[in-house]
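Peer 1: Given the sequences, and given the hints that come with them, work out the whole structure.
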Amino acid sequence: MSLAQVVYHITNNAEFAEKWRNDPEAALKDKGFQLSREEMNFLCAGLGGTVQSGSVRLSELAIKATSWM
Amino acid sequence: MRLTLPHFNEDTEVDRRSPLRWAFLPGLCCQAAGGEMHWADDLAAAWLLYYVAAHIMDTIEDQDEPDPHWSSIGSGAALNIASGFYFSASVILSQSRSPLTQSLDPTLLSEFYKRFLVMCAGQHRDLLQHDPSLDSYWTRAREKSGAFFALACRLGASLATSEPSKLAAYQQFGENIGIAVQLLDDLEDFKPLTEERSLAYYRGLSRSLPVRYALAVLPEPQCADLRQEIERAARDRRALQRVFELVETSGASVFLLLQLEKYRQQANQCLAEAHPNAAPAQVLHSLVQTLDILSA
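Here the protein sequences come in this chain order: A and B.
Each residue of the first sequence is one higher than the one before, starting from 1 at the first, in this note's numbering.
Each residue of the second sequence is one higher than the one before, starting from 1 at the first, in this note's numbering.
Don't read these hints as lab results, they were simulated from the structure.
All C-beta atoms in this analysis are idealised placements derived from N, C-alpha and C, irrespective of residue type, glycine included.
A couple of the hints might just be wrong.
[As the list claims (entries may be wrong)] Pair ranges (Cβ atoms, derived):
hint: 1; chain 1: A; residue 1: Lys-31; chain 2: B; residue 2: Glu-163; range: 37 to 47 Å
hint: 2; chain 1: A; residue 1: Asp-23; chain 2: B; residue 2: Ser-18; range: 38 to 48 Å
hint: 3; chain 1: A; residue 1: Lys-64; chain 2: B; residue 2: Thr-139; range: 23 to 33 Å
hint: 4; chain 1: A; residue 1: Glu-60; chain 2: B; residue 2: Ala-200; range: 21 to 31 Å
hint: 5; chain 1: B; residue 1: Arg-227; chain 2: A; residue 2: Gln-34; range: 25 to 35 Å
hint: 6; chain 1: B; residue 1: Glu-36; chain 2: A; residue 2: Ala-14; range: 56 to 66 Å
Peer 2: Okay, here's the thing in structure tokens:
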């Protein structure tokens with residue numbers, strides 16, 4: 001649940017997003033969020049890579065996705 | 001019905017859009033664990049039949065838009081075909097002439113059917129639970145798609161090895177793929193609204209990960225708004241559009257991509273822990289790579 005909250009704040013709270021970019025651990029502490037080390041590393045890597053906030057829409061992903069059939 | 005499964009080698013390129021690509025998991029896991037791909041032909045054929053049957057039933061139970069290949073015959077006839085696929089798969093498993101399949105520990109085949117009971121229970125809860133939490137979403141994804149793909153990989157590998165640690169690694173490998181496949185399946189509900197696509201197409205939307213995530217993180221006024229629009233979306237295109245907007249503004253696409261990447265990475269880690277043979281491992285990694293929709 002915390003991971004979901006952090007993603008929400010990164011994508012919807014400019015002040016938190018700025019803090020996160022500069023010092024992720026301090027940003028989490030300020031908000032009282034807790035992430036495991038694994039989640040933290042994963043989130044930093046993911047948001048630093050191809051996953052950027054607001055850079056892709058669900059409808060665009062849906063067109064690319066093929067799952068069952 | 002004749003089902004032909006080609007054999008892979010290290011030069012094989014996986015067709016990322018082929019719906020059949022996941023049916024190679026049992027054979028590839030068998031090969032990766034030290035066996036031959038064809039040892040798993042019967043298992044792969046049975047698994048594929050279960051896979052297609054489960055998809056048809058899932059579509060009907062969720063009241064999703066029918067697939068083109070059965071839309072003209074109606075859901076009753078499609079349900080009958082799905083039942084036929086289930087029985088055909090059971091016949092394949094019980095009458096397999098493959099000495100290897102015959103030599104499988106009987107408890108493993110019993111596990112095959114028990115897994116289906118777990119999947120049925122997951123689907124049942126999914127259908128009855130009107131407003132599941134984000135946590136229960138993950139439980140259902142594990143029970144349904146995760147368990148099904150875990151079975152394909154564990155049983156395939158079990159034809160070549162009985163080492164518990166390797167079997168556990170293949171099982172986890174499959175479970176991670178299955179959960180990622182469920183996430184891609186959920187994305188189907190976010191295909192753009194067009195004149196050709198009816199509102200019925202979006203019936204499963206409220207159980208998808210993006211909606212469950214949005215309802216877990218949005219502030220209460222927006223949550224209430226989202227719930228109200230979901231109720232209206234079945235008969236009002238503007239309400240559906242509003243659902244899309246609310247979910248989009250919650251950061252759901254980022255959350256879904258992160259989760260997809262997490263399960264993709266975990267699948268690769270589990271495969272490494274199984275110490276697979278290099279050539280089939282390469283093909284398995286390229287199958288996992290097809291889950292990366294950003295590079296599609």
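Peer 1: Now tell me, hint by hint, if it's right for this structure.
Peer 2: Tested hints:
| no. | hint | verdict |
| --- | --- | --- |
| 1 | Lys-31(A) with Glu-163(B): 37 to 47 Å | holds, 45 Å |
| 2 | Asp-23(A) with Ser-18(B): 38 to 48 Å | holds, 45 Å |
| 3 | Lys-64(A) with Thr-139(B): 23 to 33 Å | holds, 27 Å |
| 4 | Glu-60(A) with Ala-200(B): 21 to 31 Å | holds, 23 Å |
| 5 | Arg-227(B) with Gln-34(A): 25 to 35 Å | holds, 28 Å |
| 6 | Glu-36(B) with Ala-14(A): 56 to 66 Å | holds, 57 Å |
Violated hints for the displayed structure: none, as all numbered hints are satisfied.
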